[in-house]
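K.L.:
Protein chains in written order, with my numbering: chain A, 67 to 365; chain B, 5 to 284.
Worth flagging that the hints you see were computed from the coordinates, not collected in a lab.
Where is the CB? At the ideal position from N, CA and C, for every residue including glycine.
Hints may be right or wrong, so weigh each one.
Just so you have them, the derived chain B footprint on chain A, three or more residues with Cβ under 8 Å [as the list claims (entries may be wrong)]: (1) 75-84; (2) 165-173; (3) 238-248; (4) 255-262; (5) 277-286; (6) 296-304; (7) 343-357.
Think about it this way: if two alpha-carbon atoms lie no more than 20 Å apart in a straight line, the pair counts; the simulated PhoX-like pairs of lysine-lysine are [what the hints assert, rightly or not]: (8) A:Lys325 - B:Lys211; (9) A:Lys139 - A:Lys177; (10) A:Lys177 - B:Lys78; (11) A:Lys320 - B:Lys257; (12) B:Lys203 - B:Lys236; (13) A:Lys187 - A:Lys133; (14) A:Lys126 - B:Lys229; (15) B:Lys211 - A:Lys126.
So the chains spell out like this:
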Amino acid sequence: MKQIVIISGKGGTGKTIITASFASLAENKVMADCDVDAADLHLLLHPEIKEKHEFRAGNKLVIDPQKCNQCGKCIEVCRFDAISEHQSTRAPEHQIIIDSISCEGCGICAKVCPEDAIMTKENLCGEWYISDTKYGSLVHARLGIAEENSGKLVSLVRQNAKTIAENKNMDYVIIDGPPGIGCPVIASLSGVDLALIVTEPTLSGIHDMERIIGVANHFGVKAVVCINKYDLNLENTQSIEEYCQGSNIEVMGKIPFDKVVIEALVRGIPVVEYSKDGVSEEIEKIWERVRSHCDESVS
Amino acid sequence: MIISVASGKGGTGKTTVAINLALSLNGNIPVTFLDCDVEEPNAYLFLKPQIKSTQSIGIPIPEIDKFKCNYCGKCAEICAYNAIAVVKKQVLIFPELCHGCGGCSLLCPEGAISETEKEIGIIEEGSTSGISFIHGKLNIGEPMATPLIRAVKRKVNSDGINIIDVPPGTSCPVIEAVKGSDFCILVTEPTPFGLNDLKLAVETLRKLKIPFGVVINRADLGDSKVDDYCAKENILILMRIPFRREIAMAYSKGVPIISELPEYKERFKKLFDNVQANIK
Numbered sequence: 067m068k069q070i071v072i073i074s075g076k077g078g079t080g081k082t083i084i085t086a087s088f089a090s091l092a093e094n095k096v097m098a099d100c101d102v103d104a105a106d107l108h109l110l111l112h113p114e115i116k117e118k119h120e121f122r123a124g125n126k127l128v129i130d131p132q133k134c135n136q137c138g139k140c141i142e143v144c145r146f147d148a149i150s151e152h153q154s155t156r157a158p159e160h161q162i163i164i165d166s167i168s169c170e171g172c173g174i175c176a177k178v179c180p181e182d183a184i185m186t187k188e189n190l191c192g193e194w195y196i197s198d199t200k201y202g203s204l205v206h207a208r209l210g211i212a213e214e215n216s217g218k219l220v221s222l223v224r225q226n227a228k229t230i231a232e233n234k235n236m237d238y239v240i241i242d243g244p245p246g247i248g249c250p251v252i253a254s255l256s257g258v259d260l261a262l263i264v265t266e267p268t269l270s271g272i273h274d275m276e277r278i279i280g281v282a283n284h285f286g287v288k289a290v291v292c293i294n295k296y297d298l299n300l301e302n303t304q305s306i307e308e309y310c311q312g313s314n315i316e317v318m319g320k321i322p323f324d325k326v327v328i329e330a331l332v333r334g335i336p337v338v339e340y341s342k343d344g345v346s347e348e349i350e351k352i353w354e355r356v357r358s359h360c361d362e363s364v365s
Numbered sequence: 005m006i007i008s009v010a011s012g013k014g015g016t017g018k019t020t021v022a023i024n025l026a027l028s029l030n031g032n033i034p035v036t037f038l039d040c041d042v043e044e045p046n047a048y049l050f051l052k053p054q055i056k057s058t059q060s061i062g063i064p065i066p067e068i069d070k071f072k073c074n075y076c077g078k079c080a081e082i083c084a085y086n087a088i089a090v091v092k093k094q095v096l097i098f099p100e101l102c103h104g105c106g107g108c109s110l111l112c113p114e115g116a117i118s119e120t121e122k123e124i125g126i127i128e129e130g131s132t133s134g135i136s137f138i139h140g141k142l143n144i145g146e147p148m149a150t151p152l153i154r155a156v157k158r159k160v161n162s163d164g165i166n167i168i169d170v171p172p173g174t175s176c177p178v179i180e181a182v183k184g185s186d187f188c189i190l191v192t193e194p195t196p197f198g199l200n201d202l203k204l205a206v207e208t209l210r211k212l213k214i215p216f217g218v219v220i221n222r223a224d225l226g227d228s229k230v231d232d233y234c235a236k237e238n239i240l241i242l243m244r245i246p247f248r249r250e251i252a253m254a255y256s257k258g259v260p261i262i263s264e265l266p267e268y269k270e271r272f273k274k275l276f277d278n279v280q281a282n283i284k
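Bound-form chain A, shown alone (with noise of 0.2 Å):
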């Protein structure tokens, strides 16, 4: 079983497209949404969710009012600057509240504060979904908003795609990543054996290409490119060719700037199953070279 990421460092360089595009192109695979945050994929692949779980990580502190006497303690401790005095324009006296957006949970101000007023709550961060589609099983989920710990969402949301496909005997894992470099995008990228980084022929997507393939030579994940939107800017084009070529990295093909996509998009189906032509001849070529590239390194 090969686990296959696509990443792109940019954001909106057309991931989710491709990412659906290989759910209906590839067979004996499952999905896995790992831009938690902003999840898309089930726009186009239309899940039933089968399982749903809460998604508990970390800790939130809450200030027992009663037991306060405002010394003071933990607003000197928190590096996080999420204590503050407060104050109420009901109550006369100040009162020390924390604001949960700003914890980040350490827990020190429980700690050392002499009237043990501070409670440590577990917080429930999310939810994950295990899922029916047409094409096989989903494995996505939601981060609460304004919630931390997405890295440990992508793991337990990779984590799970790879039992069931384990379990099912599949072939490929198709994980979908988020845009970025940090903490999620690692979760998303360590372990598997092949990324497919999405790029276009913008500075932007050039600069950011070079990012996430500096992240994938960091954590030894063997990376190979696609230019979308290629024919928007060939001298462009032509530029990430040549770095490729000079870093050693395959380009798995071109995929021209067309309507069709958004087309598609708008009607909630992967691009392939919408037009035959163009754009979609190009992701099949794709999707047979990245398969082909897995199925011949050695697991």
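Starting from the structure of chain A, add chain B where the hints point.
P.N.:
Relative to the frame of chain A, chain B by itself:
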């Protein structure tokens, strides 16, 4: 005044709106541009600032004094992030898990833990066409962006107009970047992805109690559901930017729209006036 530009979904045009807005404000008030998308900072590709200073940004991580440590394990017990483990006569530190809360050094009964700075990225400062420019660049392989975003935001000029370019998503880096804004411009596109992520971004801003409005980019591609949603939720649509190959081409080369299509300067000025009118 702090105006942040965010989106939920990546690639909708945050940076485009942020830089063109900043470049259209050549008034008497100083303008500061802060690129808080420290994982993938791109605004400098368009603004081409002259960088005048570079600063290393780190987080404090624990360092154990082996002579003082008696391996009691209190630090490992305190650490909420599992960044310390004590096994037999050894203390293991995992810097990539450490949030830098300082609890271990504060509470070690033997006073055996001090803190040392571990670099997570850099901040570069400079200027361009009368705009003060600051961005953060997260080091490759570094998972935690928020301390770096916090460092970029310390450079906010409270006497001027600050434009913040926010990373995509709705989780901690986004919160850190938009926190404290007087207004947030949400850039979206009229597709199901754009709408889905716009809704998440709206929830985020409502939770943070930050006033906001929407810019619809590539407004003529896709469908009308973003408009319907905004009408239903009573959300202000501040501006529409059509899809034009000239704009896409200019973007691809790192050229601001207002340089390619000068008539857009007035439109971005209007966007600013519109934003200002909606800050209470």
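K.L.:
Each of the hints needs a verdict: does it hold here or not?
P.N.:
To see whether the hints hold, each was checked on the structure:
no. : hint                : in the structure
1   : 75-84               : holds (count 6)
2   : 165-173             : holds (count 6)
3   : 238-248             : holds (count 5)
4   : 255-262             : violated (count 0)
5   : 277-286             : holds (count 5)
6   : 296-304             : holds (count 3)
7   : 343-357             : violated (count 0)
8   : A:Lys325 - B:Lys211 : 36 Å, violated
9   : A:Lys139 - A:Lys177 : 10 Å, holds
10  : A:Lys177 - B:Lys78  : 12 Å, holds
11  : A:Lys320 - B:Lys257 : 19 Å, holds
12  : B:Lys203 - B:Lys236 : 12 Å, holds
13  : A:Lys187 - A:Lys133 : 17 Å, holds
14  : A:Lys126 - B:Lys229 : 37 Å, violated
15  : B:Lys211 - A:Lys126 : 17 Å, holds
Of the numbered hints stated above, those contradicted by the structure are hints 4, 7, 8, 14, listed in ascending order.
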